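Engineer: Here's the letter readout for the chains.
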Amino acid sequence: AQSVTQLGSHVSVSEGALVLLRCNYSSSVPPYLFWYVQYPNQGLQLLLKYTTGATLVKGINGFEAEFKKSETSFHLTKPSAHMSDAAEYFCAVSPSDQNFVFGPGTRLSVLP
Amino acid sequence: DGGITQSPKYLFRKEGQNVTLSCEQNLNHDAMYWYRQDPGQGLRLIYYSQIVNDFQKGDIAEGYSVSREKKESFPLTVTSAQKNPTAFYLCASRPNGQGSSPLHFGNGTRLTVT
Numbered sequence: 001a002q003s004v005t006q007l008g009s010h011v012s013v014s015e016g017a018l019v020l021l022r023c024n025y026s027s028s029v030p031p032y033l034f035w036y037v038q039y040p041n042q043g044l045q046l047l048l049k050y051t052t053g054a055t056l057v058k059g060i061n062g063f064e065a066e067f068k069k070s071e072t073s074f075h076l077t078k079p080s081a082h083m084s085d086a087a088e089y090f091c092a093v094s095p096s097d098q099n100f101v102f103g104p105g106t107r108l109s110v111l112p
Numbered sequence: 001d002g003g004i005t006q007s008p009k010y011l012f013r014k015e016g017q018n019v020t021l022s023c024e025q026n027l028n029h030d031a032m033y034w035y036r037q038d039p040g041q042g043l044r045l046i047y048y049s050q051i052v053n054d055f056q057k058g059d060i061a062e063g064y065s066v067s068r069e070k071k072e073s074f075p076l077t078v079t080s081a082q083k084n085p086t087a088f089y090l091c092a093s094r095p096n097g098q099g100s101s102p103l104h105f106g107n108g109t110r111l112t113v114t
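As they're listed, the protein sequences go chains A and B. For the first sequence, position 11 matches number 11 in our numbering, and the numbering has no gaps at all. For the second sequence, position 61 matches number 61 in our numbering, and the numbering has no gaps at all.
If we strip away everything but chain B, and leave its shape as in the complex, we get:
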């Protein structure tokens, strides 16, 4: 079955360490997204990519970086510059970056930094 795989499910890191969250999709979607979810704040867009080798900052990109070397993969690195990295991170994709197509989500990675 097609879908989005995020790994790991839970991730624990010490403050000051960079950490990379994996997101892989086999839906053949062009557009991929990273969201951060905090209690009571809904979803906030970190980065998105509409095509391989291209990506744009979302609303809260500071302290994060991404790459899009393959259509299927869109890893997110949480750097030590991110002041409050503990959160639930969701990866999503859609066939293209606009229009009526819905977002498809992975099951998320819960990152805890102490």
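In isolation and in its complexed conformation, chain A is listed as follows:
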């Protein structure tokens, strides 16, 4: 079965610093890949997705992610963190014949 790992349950960065949230999946066949953001007591909002084509995907709020097949990774980055980026971030995969599989999430804190 597919699994998704997110290294670091909690990541802290200073405002203006680079944000890097890691995601690795287990599959010999690349699935569809997604990043979601969740603010407290709210649902999940789609940040970006990779289906096919260009491996560097740009999303909302200045985030982007790069699909690396050889590393089975889909890390999320943002060049400069803003206080409003503080939230929980979930990586997810959607195998073509199965339901979504979510990672455990990474809570991002942004320090002033």
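Keep in mind the hints are simulated off the structure, nothing from the lab. The hints are all genuine.
To give an idea of the chain A side of the interface with chain B (calculated C-beta under 8 Å), a few residues:
| hint | residue |
| --- | --- |
| 1 | Phe-34 |
| 2 | Gln-42 |
| 3 | Gly-43 |
| 4 | Leu-44 |
| 5 | Leu-46 |
| 6 | Lys-49 |
| 7 | Thr-51 |
| 8 | Phe-90 |
| 9 | Ser-94 |
| 10 | Asn-99 |
| 11 | Phe-100 |
| 12 | Phe-102 |
| 13 | Pro-104 |
Just so it is clear, the structure is predicted and the values come from calculations on it, not from any experiment. Ideal placement from N, C-alpha and C gives every residue a C-beta, glycine not left out.
Go by the hints and put chain B onto chain A.
Structural biologist: Showing chain B alone in chain A's frame:
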């Protein structure tokens, strides 16, 4: 605007009572899902439905029941058999059950059982 509406936002119940969480979508999506979220455990799939009048168990279906009588609605009942029902419940939908289409989420219902 199209979206998913979950109600109520907060729900409090006594142990031993069944409770039903509402989920309505006007996105014309075929597939609908219920997830449970606990701190540090990500999202776990309870039930899903890919078409009206049909639904399947997810990974943690015990103690829960659903119905799908209309395309727009997918209510979840948390029964007294659910041993630890206090959690944040999220409803989601997507155009169909497979492929590259993302899940769209409601804003959740926080259930507290005492």
